[in-house]
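Chain B: place on chain A using the hints.
First to last, the protein sequences are chains A and B.
Start counting the first sequence at 1; every next residue gets the next number (the numbering used here).
Start counting the second sequence at 389; every next residue gets the next number (the numbering used here).
Derived from the structure by calculation, the hints contain no laboratory data.
Here the structure is a predicted model, which means the values were calculated and not measured.
All residues carry an ideal CB built from backbone N, CA and C; glycine is no exception.
There may be inaccurate statements among the hints.
Stated by the list, open to error - From chain A, some residues computed to sit far from chain B (all C-beta separations above 10 Å):
1) Thr53
2) Asp180
3) Arg241
4) Leu274
Stated by the list, open to error - Once the Cα atoms are required to be at most 25 Å apart in a straight line, the calculated SDA-like pairs of lysine to any residue come out as:
5) Lys622(B) x Val200(A)
6) Lys375(A) x Lys531(B)
7) Lys622(B) x Thr113(A)
8) Lys716(B) x Gly258(A)
9) Lys531(B) x Lys716(B)
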Amino acid sequence: MARIPLAYNLRNLAARRLSTGLTALGIALVAWVFIFTLALAGGFQAALTTTGTKENAIIIRKGSTSELMSILTREAVGAIESQGEIARAPDGTPLAASELMVVWNLPRKSGTTTNVVVRGVGPKSFALRPKVKLVRGRMFRQGFDEIMVGRMVAERFQRCDVGDRLKLAGREWTVVGVFDSKGSTYDSEIWGDVELFMPVFDRPVYQSLTLRLAEPGYLAPLKKRLESDPRMNVEVEREDRFYADQSGQLTSMLRVLGLFVTSIMSLGAIFGALNTMYAAVGNRTREIGTLRAIGFSRGAILTSFLIESVLLALLGGLLGCLLALPVRSFTTGTMSFATFSELAFRFQVTPGMLLLGLAFSAFMGLLGGFLPARKAATMPIVDSLRQA
Amino acid sequence: MKYLRYVLSHLWHSKRRTFLTVSSIAVALFLFCTLRTVMTSLDAGLRASDDTRLVVRHAASLVFPLPLAYRDRLAQVPGVVKVGYGNWFGGYYQDEKNQFTQFAVDVSTVFDLYPEILLGPAEKEAFLRERTACIAGEALVKKYGWKLGDKIPITGTIYPGEWPLILRGIYRAATPDADENAIFFHWDFLNESMPEGRKNLVGIYWLKVASPSDAPRVSAAVDQIYENSPVPTKTETEKAFQAGFIQMMGNVSTLLTILGSAIIFAILLVTVNTMMMAARERTTEIAVLKTLGFRDGLVLQLVAAEAMLLSLAGGLIGCGLAFLVFRKVNFTAGGMIPNFRVLPETLLLGILLACAMGLLSGLVPAFSAARLPIASSLRKVA
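Only chain A is shown next, with the shape it has when bound in the complex (with noise of 0.2 Å):
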């Protein structure tokens, strides 16, 4: 069976050029918009889950939800660092850090005001978190009033850069250092000495202990002892799981959001698609006629007027990805509902969303074709070759 050349679509339009770049581009949009949105509820995701790593474990009390409703006493935390399951430092201590979160109330560059986590840490804290790399300043000092911010605190935070002055509880701290951890959440806190801020706070307890395990096989056993006994009344899970579940709610949120618009927005596009290739189809009826009467089977024509339309989209396609690319360097800060206090990230733009993105475009095209296209396919060749 004769196939119509792929170049008379092209060719059909290049000549409807205003018409072609009026729905390419409202197509492109719809692609930009669905890009955009798994973008965002991609980048608080892969904040939340790049957080953890699966060779730590981290106790919380039984119960809550986030390491800020916990609480854990210093026996509690005796009690666990002397568990076998803990890897050790090459002192021979446990490889375990025992911290305090509190947040509070700071105004952002913008001079609207939000929470921030403030994070206690102990000497291990860096040890069990590699990714969490100093780069400008110094770490700070053990007893001293000096703190270190997250990257997207010092980008985001009146007063956050190194040899700037913060007051927090009631005493002014010297911010010495700025670290970055790879986009995860730890970039929205800021760090100071555990020991110092829990008098200065007026904190007799701890929010969290975060441990490495000798043996990743170890957390089973080690989940299982902590959690049946009723003096600790502790919660036992893995890093990872554990932060990637804070982001399950919100993240979810955003996909059906996205998922809302986009759908109907494309419905949208689709009408829009219809009209333009049934004006299409409209304006060609003699050429039809003559293809038809040529030779070119029903079937031929219905495959290439549904090609012209998957072009038409795939064009608006790329267009929609390539205007999606810049996204990726849009960052936001949204409340996390886990802390409650604000959660900085990039949007995350992959390969993997384009190409869905483009399958999308491709698809609108399709739907929106198809009738156009039958029409064309089923004109008869004596009436479409009379007409204007």
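Chain B alone, transformed into the frame defined by chain A:
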């Protein structure tokens, strides 16, 4: 007006195109109304706030509590008429997904401070009398199918354990912006169940002042009292407090605005295209009209009117749909937006937007129709 039939018959003639165009505009306006309602619903707390109510919280952040002992001192501050207090409970019902507002409140003052909570006298009495009683908003009660006397177990996250509350009253909200998706229960019940060390701690205090003009003075006076204490306070009007909350959400509204603009722009392109195609197909007809003596201005109006009519129809359908759909469903986005309600001004704005789209999409084809040279266009088509 006498040409309305001409315009209508055109639209009727190309039924399919009319239908498709109106639908795509309707879709865009429906989305616009939805996104804008997400934004305005986040602000519902602002509209529901009262200028004579102040909120006192810990200066550092809401997550830190204040001592119960502040209550009596606050009551003595000149200008303060009433002091109430409560703790955000932050639990869930049966499943973590079922989140909504739960507040443990001082029941002796809550109804004075919040006259927006409408409760029958018998139910109020039953609620006040019983330590484990609670009241819930009508929308919430409907959502979970509760009845008076039901035991509603709420699982705490800040206050661990399961709290067996008994539903003794179903309240309605006096204003449409007040939250009808909430539960209130006895602060005393919460407090008694707390271990030593977590007792007698209050999340926030509400102060009632006689007139809005007292607010700045009272706020300053309160914060001054505790300025150098270990537990300093921050006092602000309810409106400022709510605004602070919205600020914490970050730039949600910017994101929604970006999405909304992209949608409107996309559909605008589609509509412009359609209108241009429609005008192009009628080149001969327009030339005939002009030959018959129709002036350029009138031709322009006729083509523009067609675009306008299409957009207006789409706008009305889209906005109407949004209004109807969201009135029927009690949509709360997993408890995050407790008061999802399409505001009248959103609908109005939507219709205006549709008109603007009609105007813009009709402009290009209308002008090119008006400028159409008669002779050559008559010749174009054999």
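Open item on the list: Which constraints among the numbered hints does this structure fail? Numbers only, ascending.
Closed with: Hints 4, 6 contradicted; others consistent.
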